[in-house]
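Student: Based on the sequences and whatever the hints tell you, model everything.
Here are the chains, one letter per residue:
Number of protein chains: 2
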Amino acid sequence: VHIPLDRQSPAPLYQQIASFIRQGIQSGHLAPELRLPSSRSLAKDLGVNRITVEAAYAELESEGLVFSKVGSGTYVLPPSQFSPLPKASPGAPWPLWQQEIQANGPDVNKSPDLRLHEKRHPDPISFASGVGDYHRFPVEDFRKILQSVMRRDGISALEYGEDSGYAPLRATVANVLSSQGLQVGSENILITAGSQQSLALVSQVLLKPGDAVLVEEPTYSGALNLFQALGLKIIGVPVDQRGLQVDSLEKLLQQVHPRLLYTIPNFQNPTGTCMSSPRRLQLISLADRYNLPILEDDYVGDLRYEGHALPSLKSLDPGGRVIYVSTFSKMLMPGLRVGFLAAEGPVYDRLVAYKRVNDLTTSNLIQRALEAYVTVGRYQVHLQRSCQVYRKRRDAMMDEIERLLPEGIQISQPQGGLFIWLRLPEGLRADELLPYAIEEGVAFAPGSNFFLGSEAGSAFMRLNFTAHPPETIHKGIKRLQKAIKRLEAGVNLEHAANGR
Amino acid sequence: VHIPLDRQSPAPLYQQIASFIRQGIQSGHLAPELRLPSSRSLAKDLGVNRITVEAAYAELESEGLVFSKVGSGTYVLPPSQFSPLPKASPGAPWPLWQQEIQANGPDVNKSPDLRLHEKRHPDPISFASGVGDYHRFPVEDFRKILQSVMRRDGISALEYGEDSGYAPLRATVANVLSSQGLQVGSENILITAGSQQSLALVSQVLLKPGDAVLVEEPTYSGALNLFQALGLKIIGVPVDQRGLQVDSLEKLLQQVHPRLLYTIPNFQNPTGTCMSSPRRLQLISLADRYNLPILEDDYVGDLRYEGHALPSLKSLDPGGRVIYVSTFSKMLMPGLRVGFLAAEGPVYDRLVAYKRVNDLTTSNLIQRALEAYVTVGRYQVHLQRSCQVYRKRRDAMMDEIERLLPEGIQISQPQGGLFIWLRLPEGLRADELLPYAIEEGVAFAPGSNFFLGSEAGSAFMRLNFTAHPPETIHKGIKRLQKAIKRLEAGVNLEHAANGR
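Same order as they appear, the protein sequences are chains A and S. Here my numbering is used: the first residue of the first sequence is 15, the next is one more, and so on. Here my numbering is used: the first residue of the second sequence is 15, the next is one more, and so on.
Just so you know, the hints here were simulated from the structure itself, not pulled from any lab data. Don't be surprised by glycine CBs; every beta carbon is placed ideally from N, CA and C.
Far from chain A, by Cβ distances over 10 Å, these chain S residues were calculated: (1) Ser86; (2) His135; (3) Asp137; (4) Asn202; (5) Val251; (6) Leu266; (7) His396; (8) Val403; (9) Glu414; (10) Glu421; (11) Gly422; (12) Gly441; (13) Arg443; (14) Glu446.
Pairs of lysine-lysine residues, derived as DSSO-like cross-links and limited to a Cα-Cα distance of at most 30 Å, are as follows: (15) S:Lys222 <-> A:Lys222; (16) S:Lys222 <-> A:Lys247; (17) S:Lys247 <-> A:Lys247; (18) S:Lys406 <-> A:Lys83; (19) S:Lys265 <-> A:Lys83; (20) S:Lys492 <-> A:Lys58; (21) A:Lys222 <-> S:Lys247; (22) S:Lys265 <-> A:Lys101; (23) A:Lys496 <-> A:Lys406; (24) S:Lys58 <-> A:Lys492; (25) S:Lys406 <-> S:Lys489; (26) S:Lys58 <-> A:Lys406; (27) A:Lys265 <-> S:Lys83; (28) S:Lys101 <-> A:Lys265; (29) S:Lys406 <-> A:Lys58; (30) S:Lys83 <-> A:Lys406; (31) A:Lys158 <-> S:Lys158; (32) A:Lys247 <-> A:Lys222.
Tutor: Given below as structure tokens:
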């Protein structure tokens, strides 16, 4: 084989070789099944390095023009018999496996964002959110901390971290929990992408499709969506002023053998109630007797405005019975997506392994910045100030509701957290109220989001009292008053019409 | 009831009321079942707001001292019959459900970190990593960008973002993909926490325990770990110099009805090979005929040092057959944990919903910073420079291996990516070599990590050639040479001993 090589050309030698052979194959001069010279002998003939010839052959091979058999040599391939499939025309059916997805499986809820702005109200007020007041998030402090962390740690901040999370952050979390009466070592902490990921990991490790899971009813919609997506059998246990009705639990445990109980003992989402101490003790005792894992979601346990803190279920755990989940997101910055869980025993190791297969690890940079922020005591100060501010807002909203909304409305005062849970007067439905409310420029989370059946919650709504200052709360509740009046008028009109 | 109230006291009135009643219950003066006065009447008697009395009753209720029946009133409860369970002694058995976790289910691999430092080598060199050179990550640029994003966006950067990801970042991803020949709209992009989460989400949506999944063998260990954790039936298809052996696929598709094929067509991990164009066309055609979803992992497709880019499987997709997964992590900063996928049809909506139930959304701040970084063209420049640097390092490692390592070693030159896949001479095992190598101060990823059975890969190792400059590569391969000599000496000694 003689291949003319131009050693002055900017094109590398291997490309010149590949190009020559490519033309030979495409023109038919080099026939299918022809064996090319060995790289060693061609390299010798051309006076080039053997690796250069190998690179040329590799390029031709990746193009599907030649193939090599180990120990035998490199051969010319017949031209490909495969041509690209035509693009499907718009409206053509999806492949079968896509149609199955459409037909089967739960229709997982979309984000419950109410998109107030779509209604183009000039000044919308939302009480629907699930987090604290964005305007109180310590953005500027955090910006500075990010800077100093990147200056301090350089590249390390951008490498993968440990599977279980950045060790100093785990130590900080353990310290914060200890100060709240929950003794736990940093080796039992797993850092996750927010509480939601903690819930997802626990579900993946403990549950398979069809398994029964117990939840408070009503409960956090994000947990319901998760359990629905995983194809679980969700069983609701009612909640009253003292939290989960533990008395009704024992019969259930005997009948359905649930594989997990999910509970929010403090300032329950959405009802705002706390599980009483006796019920906490009773629940732990039942979990122990009935071999029931407990998933304790303490999403805003430290946002308490009055009364004594109650012992977490985890602190009452004799050992390995409770998986405790919490987050800084609600208090600091939801967009950071950092939460944590505390567990021990085989389930801890399994959770770490599942975290790894799910997303390797949570952003190292953000973990380091959060650690730098929380250790210096800023978190505690921020928490105390938030409690002062949010307590006033709760009082303001309680007052405005009592003053402005109709008689038949039922609420009870939450001792902490983010939410007031409101029951509308007999005959009014929250889902029917919502469009009026949005027209008036105020939004809330309708009760049906938090129940298993959409009918069960129709009389309820959840109002976030922390998101706005008292003046805005006043304005928002006034708008709600107007919306309720409009709904009532409509309902009365209908009654009158039916009465004729 | 007469309750003495001290209006000068710093203790709020509701706490004084609660404290008085608490003492009455605890001393037995207020007997179980006793009905307390209604909040309205007690408020009137004491001359306080009704809400104050309700707060006192709520506090007592949360402590488990009283309970209220709707419409009936508040009653004193009998003392709790539940006492805390004693803490389990060290060494006590875990609850049964924890023992089940230990006994059943796959033993998911730990992080394959080799912990070179534990051997206390003064100057360890690792070729084991799965990412580019940390020292080339644009830390300083990124620090500045983070600053300007936080100054520009303020609170918005720390709020939750859209379920599918920050819209401008999705647009940027779509632009980058289009420039690489893959036409896809930003409405078909989902931002995830790194490629690993993309793989996890696709698996969750498409597969259930026991389903068959096809993988290249060898393949990325993180995918194998994921599929094992999910309890899937994993079936390996061999890889040769032209990538996945598509010819052997059709029989498998008829026999086992797999629910997914996972492939890395470009610079396959760990072998470094590229799937040839004819095979790509053939694979799409088979997927179409056999209703087989394809998960295309293009983790470093743009890190090409020579030769033509080959069309991605996604670009050959007639519509909705291929889910395309990629990331900026390998090139920029792994610790950021941002990846993306491109898909269309019902599976896209389902993936977005699963992303939401898994962790709501990926850090908004990091997404915004990445968007600001990538749009200004820095990514393209960074990519080009990285290709120049990494190409030289590949050549250096190829040369050193050829020069220093024994004759029987087989390698082939990768045209891009991060890895050289090396086969040891007959009779030598990579897992036996590794301890010697670590003692000498060099690490690699042993082949068994990438195969389904640990024996299959025993002759192979994966070397990352991008992680270090040529001088360090030289030093590292010299150490590997020493380690191989020591292993060979040991093996020969054993043979001699056996021969006696």
